[in-house]
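Chemist: So you can see what is in the structure, the chains are spelled out below.
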Amino acid sequence: MNRVAFRLVKDLGFRIYLVASTSVLLIPLGLILYYIVSNGITVINWDFLTSLPKPPGVLGAGISNAIVGSGLLIGIAGALSIPFGVAIGLFLNEFSETHLASAVRLCVEVLQGIPSIVIGIVAYLWIVVPLGGFSAVSGGIALALMMLPMVVRATEETLKLIPHSLKEASLGLGVPYYRTMIKIIVPAGANGILTGVLLGVARVAGETAPLLFTAFGNPFMTVNITQPVNSLPLIIYNFATSPYPDWQQVAWGASLVLIIFVLGLSLLTRTLIKR
Amino acid sequence: MNKHILEIDRLNVSIGADKIIKDISMAFFRKKVTAIMGPSGCGKTTLVRCINRMHELIPNTVVTGSITLYRKNIYEMNPIMVRREIGMVFQRPNPFPTMSIYDNVIAGYLLNGIKLTRSEKDTLVESSLAKAGLWNEVKDALHRRGAFLSGGQQQRLCIARALAMKPRVLLLDEPTSALDPKSTAHIEDLISELKETVTIIMVTHNIGQASRVSDFTAFLYLGELVEYGTTEKLFTVPDDKRTEEYLSRKFG
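Line by line, the protein sequences give chains Y and W. Just so it is clear: in the first sequence, position 271 is 273 by the working numbering, and no numbers are missing. Just so it is clear: in the second sequence, position 215 is 234 by the working numbering, and no numbers are missing.
None of these hints come from the bench; they were simulated from the model. Watch out, some of these pointers could steer you wrong.
Here are the simulated DSS-like cross-link-like pairs (lysine-lysine), alpha carbons at most 30 angstroms apart as the crow flies [stated by the list, open to error]:
#1 Lys185(Y) <-> Lys38(W)
#2 Lys169(Y) <-> Lys22(W)
#3 Lys38(W) <-> Lys56(Y)
#4 Lys38(W) <-> Lys91(W)
#5 Lys134(W) <-> Lys169(Y)
#6 Lys201(W) <-> Lys169(Y)
#7 Lys214(W) <-> Lys22(W)
Please work from the sequences and hints to get the whole structure.
Modeler: The following block contains the structure:
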């Protein structure tokens with residue numbers, strides 16, 4: 003066998019090895035998706051999305067309150083974490099050399115590493131106990147604490163890439179500092195900031211632990227943010243661990259809805275990054 | 020009427036421990052082009068930045084002395100008003116990437132929240148672009164973003180944006196250093212036309228450019244004003260030995 007042919011065989015072997023190892027990664031993801039879709043698809047229909055959960059044995063159960071509750075929680079989390087997160091990211095970028103900035107950067111890193119269950123306990127102690135009851139607000143605040151580091155990071159990283167010349171251009175026209183920030187710098191980084199926000203939403207949408215003792219769960223529909231609310235992860239947790247097969251089916255259906263939502267956000271994020 | 024529009028009096032600038040500008044006093048003539056030239060690091064950019072207070076963006080900058088615009092000390096004015104009276108064009112073209120060409124020209128008004136009627140806007144955009152020699156090239160693409168423009172066109176767009184604010188003084192900080200020779204020639208022609216309406220102070224490290232477009236030239240070296248006079252005199256019979264050496268390219 004001549005040497006060139008041997009090298010070509012080795013080369014091919016190595017390529018096959020690379021492709022094979024990469025493909026292994028697809029197996030768990032494929033299996034998860036397969037299980038969830040095959041189990042969940044049978045229960046999903048319009049009624050499932052628009053009816054309330056029912057007691058075990060009653061037909062026509064749905065997850066409407068969990069969808070609305072998740073929407074409420076994510077809305078509260080976004081409304082709190084986006085304005086603060088963008089402001090903090092802007093500060094870190096503008097005053098990056100200050101002591102305050104280094105301290106905040108450290109805090110953001112630590113906050114990102116705090117287990118979600120601990121954030122849940124903190125939210126319980128800070129909000130649930132003083133207010134005297136579980137509520138959507140407390141759950142939203144817990145989720146906001148989890149989203150905040152991602153929004154801050156995304157904002158800072160994005161703004162770092164915006165050329166200094168743009169700020170000079172605006173200030174040089176006699177535009178005050180705050181308008182320069184709000185009308186030039188933040189819009190120039192809007193894509194990156196939005197990407198961070200979407201990734202943050204995708205992350206907190208599936209969080210269960212911080213909601214266990216904050217939003218708590220609720221079998222009924224409510225849009226009152228001072229009341230306990232249901233959410234997709236909570237209904238999955240409660241129903242999947244129940245002994246009733248029809249509730250377990252609902253949990254599969256809710257899982258599929260959640261997965262579709264998160265995957266949709268990821269795809270949206272990817273198209274934003276490409277732009 | 021006084022021929023001097025802007026006077027610098029005993030200006031000293033230091034950034035941290037470095038003295039960048041050493042005791043410079045000079046006066047600029049109305050509706051003339053004044054070139055500030057000198058080797059890299061001589062303080063010429065710092066000097067023009069002090070004129071519209073853009074140096075305040077750099078931390079640890081200490082300025083003493085005064086700069087007066089029509090006898091009003093700009094350090095006692097609101098920096099925002101100073102920058103509207105004294106426009107600036109930077110080394111690298113920096114149009115706003117998220118705005119259309121049209122909006123870029125009137126960006127100073129849009130961003131400051133100054134209300135203009137539709138016809139005022141149209142007039143301002145057309146006249147500013149015409150003054151910057153860009154109108155014919157972009158008049159059919161006013162509502163597109165400026166990203167497709169060449170570097171030279173972008174720089175003229177920045178000049179139009181500065182002119183739209185109707186400044187009395189226009190500072191050009193090496194406006195052609197990032198451009199190709201053809202665009203450079205175009206901008207140099209433009210500068211000669213613009214002095215009909217506005218006083219121009221131009222930083223350049225290009226000796227040829229100073230001699231081609233300016234009426235007056237100042238030579239800065241190591242933060243000192245070595246020589247300042249009409250371009251004709253400075254380039255033919257300079258008083259100072261260092262000017263002569265710089266012009267014959269012995270350094271810089």
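Chemist: Taking the hints in turn, state whether each one holds.
Modeler: Right, here's what the structure says about each hint:
Distance restraint check for Lys185(Y) and Lys38(W): the Cα-Cα separation of roughly 35 angstroms exceeds the 30 angstroms cut-off, and the hinted pair is therefore not satisfied. Taken as a hint, the Lys169(Y) and Lys22(W) pair is broken in the structure, with Cα atoms around 34 angstroms apart against an allowance of 30 angstroms. Between Lys38(W) and Lys56(Y), the direct Cα distance comes to roughly 78 angstroms. Violation of the 30 angstroms bound is thereby established for this hinted pair. With a CA separation close to 26 angstroms, the supplied pair Lys38(W) and Lys91(W) stays within the 30 angstroms bound.
The straight-line distance between the Cα atoms of Lys134(W) and Lys169(Y) is roughly 22 angstroms, inside the 30 angstroms bound, and the hint therefore holds. A distance of roughly 28 angstroms separates the Cα atoms of Lys201(W) and Lys169(Y); the hinted pair therefore holds under the 30 angstroms criterion. A hinted pair counts as satisfied when its Cα atoms are at most 30 angstroms apart, and Lys214(W) with Lys22(W) qualifies at roughly 14 angstroms.
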